[in-house]
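In this text, residue positions in the sequence shown follow the UniProt record's numbering: the first is 1, and each later residue adds one.
In case anyone wonders, no lab produced these hints; they're calculated from the structure.
Owing to the predicted nature of the structure, the values given are computational and were not obtained by experimental measurement.
Please note: incorrect hints may appear among the correct ones.
To be verified - Label pairs and their computed distance ranges (CB to CB):
(1) D41 with Q568: 40 to 46 Å
(2) G718 with D52: 48 to 54 Å
(3) D375 with A104: 37 to 43 Å
Glycine is no exception: its CB is placed at the ideal position from the N, C-alpha and C atoms.
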Amino acid sequence: MPGAQLRRVPRPGMDLETLRRIGPFRPGIPRSQLTVPVSPDGRVDDTVLFQDPADAAKAYYLPRYRLRVSQATGHYEITTSLADGLWRTTFGLESFPAPEISRADATILPHQLSVSVSSAGQMVRDYPVAEFTPNFGDTQVRPEFVLLLALPERDALLRAFTRDEEQARLVVHRSITVAVQSAWRKPDPGVLVVVKPDVLDTHVILPDLVLSVGPNPIPEPIRHFEPIPIPEEGTPKPRPNETLLQAEGVAERLAQVNLRQQLVVDRSFRRFSLQPAVAAAPLLRQVVVRDDVRTPDVVVRDHRTPSGDGTGPIVRDHRRPLPIPWPLPVPPVPPVPIPDPGPVVVVDDPNDTESRYLLVSNTLDSVVPLRFDVDAHPYLFPSGQPAASKGFATLVVPWPAEGPTSRNHVYFQDQNGGNVFYYLPDAFLIGQLAEAPYGPELSFTVGRATDAQTGTERALALISVHLVPQTSPARLYAAAAALAGHVPAGAGPPELRAAVHPATCTLGLPGGAITTHAPPDLVRGWWVSESFAFDDLRDVYAVLTTGGAASALLRGRVDVTVDDEVHQVPVELRLDRPAVPPLSWMEKPGSDGSLTVTLLNEGDVELDVPVLSAWTDGAAASMTGPLPATLAPGATLDVTVIPSQAPAQPDKADVTLDVTGVRVVVQPEQVVSQTLDRRVERLPRVVTLITTTGGLGTSGDPERDLSVIGVQFEGVSGAVLLDHTTLQHDIAVPVPLEDWLLDRGLGSFRFRQTLVHVSGRSQADTDWRSTDSNLLALPQP
Numbered sequence: 001m002p003g004a005q006l007r008r009v010p011r012p013g014m015d016l017e018t019l020r021r022i023g024p025f026r027p028g029i030p031r032s033q034l035t036v037p038v039s040p041d042g043r044v045d046d047t048v049l050f051q052d053p054a055d056a057a058k059a060y061y062l063p064r065y066r067l068r069v070s071q072a073t074g075h076y077e078i079t080t081s082l083a084d085g086l087w088r089t090t091f092g093l094e095s096f097p098a099p100e101i102s103r104a105d106a107t108i109l110p111h112q113l114s115v116s117v118s119s120a121g122q123m124v125r126d127y128p129v130a131e132f133t134p135n136f137g138d139t140q141v142r143p144e145f146v147l148l149l150a151l152p153e154r155d156a157l158l159r160a161f162t163r164d165e166e167q168a169r170l171v172v173h174r175s176i177t178v179a180v181q182s183a184w185r186k187p188d189p190g191v192l193v194v195v196k197p198d199v200l201d202t203h204v205i206l207p208d209l210v211l212s213v214g215p216n217p218i219p220e221p222i223r224h225f226e227p228i229p230i231p232e233e234g235t236p237k238p239r240p241n242e243t244l245l246q247a248e249g250v251a252e253r254l255a256q257v258n259l260r261q262q263l264v265v266d267r268s269f270r271r272f273s274l275q276p277a278v279a280a281a282p283l284l285r286q287v288v289v290r291d292d293v294r295t296p297d298v299v300v301r302d303h304r305t306p307s308g309d310g311t312g313p314i315v316r317d318h319r320r321p322l323p324i325p326w327p328l329p330v331p332p333v334p335p336v337p338i339p340d341p342g343p344v345v346v347v348d349d350p351n352d353t354e355s356r357y358l359l360v361s362n363t364l365d366s367v368v369p370l371r372f373d374v375d376a377h378p379y380l381f382p383s384g385q386p387a388a389s390k391g392f393a394t395l396v397v398p399w400p401a402e403g404p405t406s407r408n409h410v411y412f413q414d415q416n417g418g419n420v421f422y423y424l425p426d427a428f429l430i431g432q433l434a435e436a437p438y439g440p441e442l443s444f445t446v447g448r449a450t451d452a453q454t455g456t457e458r459a460l461a462l463i464s465v466h467l468v469p470q471t472s473p474a475r476l477y478a479a480a481a482a483l484a485g486h487v488p489a490g491a492g493p494p495e496l497r498a499a500v501h502p503a504t505c506t507l508g509l510p511g512g513a514i515t516t517h518a519p520p521d522l523v524r525g526w527w528v529s530e531s532f533a534f535d536d537l538r539d540v541y542a543v544l545t546t547g548g549a550a551s552a553l554l555r556g557r558v559d560v561t562v563d564d565e566v567h568q569v570p571v572e573l574r575l576d577r578p579a580v581p582p583l584s585w586m587e588k589p590g591s592d593g594s595l596t597v598t599l600l601n602e603g604d605v606e607l608d609v610p611v612l613s614a615w616t617d618g619a620a621a622s623m624t625g626p627l628p629a630t631l632a633p634g635a636t637l638d639v640t641v642i643p644s645q646a647p648a649q650p651d652k653a654d655v656t657l658d659v660t661g662v663r664v665v666v667q668p669e670q671v672v673s674q675t676l677d678r679r680v681e682r683l684p685r686v687v688t689l690i691t692t693t694g695g696l697g698t699s700g701d702p703e704r705d706l707s708v709i710g711v712q713f714e715g716v717s718g719a720v721l722l723d724h725t726t727l728q729h730d731i732a733v734p735v736p737l738e739d740w741l742l743d744r745g746l747g748s749f750r751f752r753q754t755l756v757h758v759s760g761r762s763q764a765d766t767d768w769r770s771t772d773s774n775l776l777a778l779p780q781p
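With the hints as constraints, model all of the structure from the sequences given.
Here's what the structure looks like:
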């Protein structure tokens, strides 16, 4: 239909910590303004009793689903009949509450439904749903859906019903939007730790990085703070969220540096990223609730180097242990939240005591195994025992057909369906946020962890990225034409389906390539969280801001094994090549049968738009217009699309464009702003202040000679005083972390100078001076 919007990628589930960290800061919505139910403890799954925002006594629950059983026959409501040459297989479902839902008066949570049917074996088969009716009721939901299958596909599905190894399953995808509380705890000044990275010749204050036992390390949520200006007059005071550091061994050098406190996580979450055809989709699951206090009697273990008993070495002591990972696919009730000993402070207004909430949209899967014996359920098998499977054939089609960028792409032909081919994506790239300005779903958190056995502290950086498949429509269009010759007579035109199959991902990070702990989802994408040394973060940003074509860093592959053959799909973490560029378009039919298509850059970055391939209602079309071109944020560009065949309804013609060649113009400063944890926004570095007796003056004129030179640094409490007894002083001053990351010298800082003459007269700067020098010779002219 006209009015194409940005293509949205389904979210396979992200943890709440990542939700808070990715994208622009959102202060939250007061409960009085909410229109969706509220999670009382931050969990978002089908074991939670959600609350009505206006009436906490009114409860909602997200139902699970199972096959319906006919009261008349006692049979599962699965029927198969022949209609118009296709086998019509109908499934009946019904909703039911999880055992943890204890209230009989709870209402069904508003949600959207979709279903999928698949089986594994040699390769995962997907059976498309032709019809779906949700049938929402007041007390129960009774969905029905229909598969339209050719005879070989029907036999393949029925055969999967009878074999454990085929893992036939029905998945009900439940999409919900709820509210979770957004708050941060009052900082405790007693939890600061100083670490000293090898590259930086100074001390750095880093927050505690919590590594969970599980598939992903979980950092603390990023908190956002507006800069508080230094007072123009008088001695600057510590900022509300900062304190003066007094630590043994570093107090002398850092005594005057204003350092940010550690902020303690209020809730941590863990995700399970599993194949939809093999296990339940990811859920938001609570790991632990901690308060500000830590004691050394409990530990967190490193999941990366498990020992024989399945546990890893201790990396940090914490107040309470993380729970044992839950069995899949359904988690038990999480522990009762620990009471918060400190006040909850709303981020955007400390004087506002009303709680704030974030809206969380997520899709949770309810899995129904489809395993039936022929003898116990003969009504499901109209032809008796299903025949053996014909398996899959692997075909290779190069695309582009020729040229230096040509690459072989594999297609798996289902020998049962004949005209059904499964394909792999072109690449896995960084996903884009679903809200304007559609920035990258990528973030870096910096912190530290301690090995309790050696006492060694490590400065770490943690990357969290949503990897999303990208597939060129032009490639699939060309493949359909090439594969048509392999379709048996009478089987219909080629049908291309995205492959859903178990896979592994290898990603190049500082220190070498690693296999990601979260398994890939070839269709919906998946979240990756991995850590590396903090010192290497600058190299990572160098690759992100330049494209890194010659570097293996932030590149990798997804390996898909079918019939002992490994097929690879590239993985690239490139900000210039997003999986879904922020480009949308609108169509307007012309009197001559052509279509005027208006391209719109909906992001906040420039886009390089090449000549685009176009289709109208599935048929190839030609395009004319001023392409290639660069589109500024918010800019539009008109092109003309000429269909190869007249559309049946010109006023409703649907234009499809291949936007996989669109590139983002990367701005390094914007990259840092979009992706970096802002809790650690400054690095202290040592600056030497020096003067001489001659600099202070030896003329004997009290109006010219100086008795004291005072220097005030932005962000540093107190001033440095040089006089005849102190001609040199070293001080650590805060410089922007961004300068270090982008390799822009040592980092600039600002200062003001005050000259006190022997006569008592003084001269003070009214404006800040700026420099990036390691040596500051005084007085400054």
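For each hint, the structure was consulted:
1. D41 with Q568: 40 to 46 Å: Holds, at about 42 Å.
2. G718 with D52: 48 to 54 Å: Holds: the Cβ-Cβ distance is about 53 Å, inside 48 to 54 Å.
3. D375 with A104: 37 to 43 Å: Given about 38 Å between the Cβ atoms, the range holds.
Of the hints listed earlier, there is not a single one the structure fails to meet.
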